[in-house]
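Participant: So you can see what is in the structure, the chains are spelled out below.
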Amino acid sequence: MPRIITCYKWVKDEADIKVDTSSRQLTLDRVGYKISDYDRNAIEEAVRMQEQHGGSVIAVTVGPPSAKQSLKDALSRGPEEAYFINDPSFAELEPAQTAAILAAVIKGRLEYDLIICGEGSSDLYAQQVGPRLAELLGIPCATYVNKLALEGTRINVERKLDDGIEKISLPLPALVTVLPDINTPRLPGLKQVLAAGKKPVHNIGLKDLGLTCEVTLNTTGILAATMERRRLRFGAGNEDIRKVVDALLKEGVIA
Amino acid sequence: MSGVWVLGERREQTLELLNAGLGLARELGTTVTAFAIQDQGLAKTYIECGADTVYLLGSLAPEQPLEDYVPVIVDVARQKNPDIFLISATPRGKEMAARIAARLGVGLGSECTRLRLDENKSLVMERLMFGGAAVQTVVCLTRPQMATIPPRTFEPAVPLANREGEIIELPAPPAGKVRVLERKPRVQESVDITEARVVVAIGRGVEKQEDIELIQELANVAGGELGCTRPIAEELHWLPENRYLGISGQKIKPDLYIGVGVSGQIQHISGIRDAKVICAINKDENAPIFEAADYGIVGDLYAVVPQLTRELQRVLKK
Ligand SMILES: Cc1cc2nc3c(=O)[nH]c(=O)nc-3n(C[C@H](O)[C@H](O)[C@H](O)COP(=O)(O)OP(=O)(O)OC[C@H]3O[C@@H](n4cnc5c(N)ncnc54)[C@H](O)[C@@H]3O)c2cc1C
Ligand SMILES: Nc1ncnc2c1ncn2[C@@H]1O[C@H](COP(=O)(O)O)[C@@H](O)[C@H]1O
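Going down the list, the sequences are from chains F and H.
Numbering-wise (the numbering used here), the first sequence opens with residue 1 and increments by one.
Numbering-wise (the numbering used here), the second sequence opens with residue 1001 and increments by one.
FYI, nobody ran anything at the bench for these hints, they're computed from the structure.
Misleading hints may appear alongside valid ones.
If we take Cβ atoms under 7 angstroms as the criterion, some of the chain F residues that face chain H in the derived model are [what the hints assert, rightly or not]: (1) LEU148; (2) ASP163; (3) ASN218.
All residues carry an ideal CB built from backbone N, CA and C; glycine is no exception.
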C-alpha cells in the first residue's frame, strides 16, 4: 500500500496581474492566490492511487505564513494530512531552495514510496523542483508523466516527450512529475471542505529545518512582457465582418 | 576553467546551442565544448561547426534512458569546471539539466530565451514567468552558470573552414534504476506550424470535434494552418500536440493569427505575441484575448466564422 507525498505550491493567480505599460511594472498587490494549476493534477493523481490501492496521501507545501490559506483547499481534495513548511523568507524561493527545503523535511520526517509533483509551477514554471528533489533524496524520477500504474514494488509510467511516448519502469521509492492530461481534478464539495478543516496540519519552521538556503540564482529584474495591439472591437454583423476583412487586406496579411 | 559547454538531445539543438555558445566564448576568450551522443560522425560535425572539444558519450543499452548519462556528465563537469553550461530545453534536456544542477549544487535558468554577458562577464538570462505575463532576468551566483534553452531560439551553427578539435570518449554509463519498456515515436507531422504565414487557432469555444471542419474552411480560404490551445491538443486530442501554441507549446510569428473560441489566457498569448496581426472571435466581450488582439469580433463563432469565410472568399476570389 503506497505511502504517497504530493507537493503543491500556493501561487499568485497570473490572470489577476495588472501591468503598467509605460513602466512595465507589475501590480501584484491585489492578486488572488491559487493552488498552482498542475499541482491540482498531482494531488488528484495521489488521491486516485490511494483510492485504488490504499495507503496514505500527505500534501506538502513550502511558502510564507500567508500560504496557510491553501491548506483547506488542498486537504479538501483528498489528502489526509498536510505539512506546512513556512517562514516569512519563503515568499520568493528559487527552485534549488524549494527542493532543498522539501528534501530536508522529507528525509528526516516522512516515510514514503512515491512523491508526486506537478509538471511545473504556474508562476515560475521552472520544471526543476521535482527532478532536483529526486536527486537530493537519491531516488529515481520520471518527468512529464501522463500515465501512472503501480505494479507491486515498481511503478510503470508513460512519459510524453517531444519525439514520442516513452514507457519506463521505476523501483519505489520514486518521484514523478505529472502532466495536466493525466486526470481531471475533482471539485471538492461542501462535505469535503468541512472535513478538510479537521485534518491534521504539521507546521514546520525554518528553525526546525537546520538549513541555510543559499541563493544560487539571483533575480535581477521582473518586467511585464508588453505588446502593442490596436484592440479594435467589432460586432458579428455583416457590415462589421466586412470592415475586418478590409482591414486585414490593407495590412497585407492575407492574399 | 573550461569554457562554455553545450548539450543538446539531437543534432539540430546542439548546433543551435553551439552557435549561442560560440558567441559567448568569443566574448569570454574561452573555448566551446559540445557533447555528442553515441555518434562519432556527429562529434566531427560539431568540431567543424566550432566546438574545440567534443565529449563523445558511450552507447546505452536498449533499456537505458538517455537520462542515465547524468552521472557521467556530472563527473566531467566536476573535473573540468566549465564556466557556462547550456542544455536544450527538450523534456529530457530539462530533466537532465535540473538533475545535473542539483548534483553540482548550482543554479539553473529554465527555458531562457535571451543570453548576454554583463560588465562582470556574468551570464544574464531572460526567461518568462507568470505564464508569460512577465520577463524574469536571472543571474547564476554559482559555477557553472547553467541554462536550458528552448529549441529554435538560436540559429544553428554552420561549418567553418579548417576546423580542428579534440574528441574525448566518455565511458558508457552503468545501468541506473530506471528501465525503458517501450518507445513509441511520434508520427512525424508534415506541417510545421511555426512556418505558416496564417494560423487559425481553435479553443474550447469550439463545441465538437466535427466543428473543426468549419474552422478548417476558414483556414483554407485564408491560406493558413490550424493551431489550437493546449487543452484542445492535450486533453481533447483533437489536433496533434505540436499544433498547440503557448508558453509550453509552439511559439509562432505569422503575419496573421485568428483565435476562434480561444479565451486568451496569458499562457496561450505567450506563444502568439510576435504575430504581426492578431484577430479574435469570442462571444464573451470580456475575454482576455480582446486585450491582446488588433481586431476583436464579439460574437458566436458559429455565426461569425461562416460569414468571415464567405467574405474572404468573395474578396480573395477563391
Ligand atoms: C503552466 C501552464 C502552462 C500552460 N501552457 C499553455 C500553452 O502553452 N498553451 C495554451 O493554449 N494553454 C496553456 N495553458 C492553459 C491556459 O492557461 C488556458 O487554460 C488555455 O489556454 C485555455 O484554452 P481555451 O482558450 O481553449 O479554453 P477556455 O479558456 O475554456 O476558453 C474558451 C473560450 O471560448 C469562448 N466561447 C465559448 N463558446 C463560444 C462560441 N460559441 N463562440 C465564440 N466563443 C465562444 C468562451 O467565451 C471562452 O473565452 C497553460 C497553463 C498552465 C498553468
Ligand atoms: N513551494 C513549493 N512547495 C511545494 N512544492 C513545490 C513548491 N514549488 C514547486 N513545487 C513542486 O514542484 C513542481 C515544479 O515546480 P517548479 O520547479 O517551480 O516549476 C510543482 O508543480 C510542485 O509540485
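Participant: Hint ASP163(F) vs chain H: min CB-CB distance below 7 angstroms?
Facilitator: Holds - the Cβ of ASP163(F) comes within 7 angstroms of chain H, reaching about 6 angstroms at its closest.
Participant: Minimum Cβ distance from LEU148(F) to chain H below 7 angstroms?
Facilitator: 14 angstroms, violated
Participant: Does the CB of ASN218(F) sit less than 7 angstroms away from some CB of chain H?
Facilitator: 5 angstroms, holds
In terms of the numbered hints stated before, the structure departs from hint 1 and from no other.
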